[in-house]
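Enquirer: Sequence:
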Amino acid sequence: MVKPIKRLYRSRNNQIIGGVCAGIADYFEVDPVLVRLIWVIATLFSMGLGILAYIIAWIIIPEEPKAPKQKH
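Going letter by letter, the sequence shown gives residues 1 to 72 in the numbering used here.
Worth flagging that the hints you see were computed from the coordinates, not collected in a lab. Careful, some of the hints might be misleading.
Taking lysine to any residue and the SDA-like style, the derived pairs with C-alpha atoms no more than 20 angstroms apart in a straight line are [said to hold, decoys possible]:
no., residue 1, residue 2
1, K66, I16
2, K66, R10
3, K6, I41
4, K66, A25
5, K3, I60
6, K66, P4
7, K66, G18
8, K66, V35
9, K66, V33
10, K6, Y27
11, K6, V35
12, K6, G50
13, K6, F28
14, K66, N13
15, K6, P68
16, K3, V35
17, K6, K66
18, K66, N14
19, K3, E29
20, K66, L34
21, K66, L8
22, K66, R7
23, K6, T43
24, K6, F45
25, K6, L44
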């Protein structure tokens, strides 16, 4: 059985700003709050570089595709 390729997307449903942390959490199958907390701590210790990294990730990570509409 072939496993589908896992892709990194920004989340549409669980976003606070741009969906980057929620998308990373979905990819690694962890809680989005944990990713957000790690990102904030990393930003504090890197003197704000996490903000720049977030903006870059927001630009380069594509948004999660919309689910196809179900025909009734």
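Enquirer: Compare the structure with each hint and give your call.
Expert: Now the hints, each set against the structure:
Annotation: proposed proximity of K66 to I16 holds, straight-line Cα distance about 18 angstroms (limit 20 angstroms). Proposed proximity of K66 and R10 is supported: the alpha carbons are some 12 angstroms apart, at most 20 angstroms. Restraint check for K6 and I41: the C-alpha separation of about 27 angstroms exceeds 20 angstroms, so the hint is violated. Proximity of K66 to A25 is assessed by CA-CA distance (about 18 angstroms); at most 20 angstroms being required, the pair is judged to hold.
Of the pairs offered as hints, the one joining K3 and I60 is violated, with about 25 angstroms between alpha carbons and a cut-off of 20 angstroms exceeded. Restraint check: the Cα-Cα separation between K66 and P4 comes to about 18 angstroms, which is no more than 20 angstroms; the hinted pair holds. Between K66 and G18, the direct Cα distance comes to roughly 16 angstroms. Compliance with the 20 angstroms bound is thereby established for this hinted pair. Of the supplied pair hints, the one linking K66 and V35 is violated, its CA atoms being roughly 23 angstroms apart against a limit of 20 angstroms.
For the hint pairing K66 with V33, the CA-to-CA distance comes to about 23 angstroms; that exceeds 20 angstroms, so the pair is violated. A hinted pair counts as satisfied when its Cα atoms are at most 20 angstroms apart, and K6 with Y27 qualifies at roughly 7 angstroms. Straight-line distance between C-alpha atoms of K6 and V35 comes to about 18 angstroms, which keeps the hinted pair within the 20 angstroms bound. Note on K6 and G50: the hinted pairing is violated, with a Cα-Cα distance of about 25 angstroms set against a maximum of 20 angstroms.
Our distance criterion of 20 angstroms between C-alpha atoms is met by K6 and F28, whose separation comes to about 10 angstroms. Between the alpha carbons of K66 and N13 the distance comes to roughly 10 angstroms, so the proposed pair stays at or under 20 angstroms and holds. At most 20 angstroms may separate the alpha-carbon atoms for a hinted pair to count; K6 and P68 meet this at roughly 18 angstroms. Between the alpha carbons of K3 and V35 the distance comes to roughly 25 angstroms, so the proposed pair goes past 20 angstroms and is violated.
For the hint pairing K6 with K66, the CA-to-CA distance comes to about 16 angstroms; that is within 20 angstroms, so the pair holds. The hinted pair formed by K66 and N14 meets the criterion: a straight-line CA distance of about 14 angstroms does not exceed 20 angstroms. Between the alpha carbons of K3 and E29 the distance comes to roughly 16 angstroms, so the proposed pair stays at or under 20 angstroms and holds. Taking the CA atoms of K66 and L34, the gap is near 25 angstroms; set against the 20 angstroms cutoff, the hint is violated.
Our distance criterion of 20 angstroms between C-alpha atoms is met by K66 and L8, whose separation comes to about 14 angstroms. Between K66 and R7 the alpha-carbon distance is near 14 angstroms, which keeps this suggested pair within the 20 angstroms criterion. Using a Cα cut-off of 20 angstroms, the hinted pair K6 and T43 is violated, with the two alpha carbons roughly 27 angstroms apart. A hinted pair counts as satisfied when its Cα atoms are at most 20 angstroms apart, and K6 with F45 does not qualify at roughly 31 angstroms.
A hinted pair counts as satisfied when its Cα atoms are at most 20 angstroms apart, and K6 with L44 does not qualify at roughly 30 angstroms.
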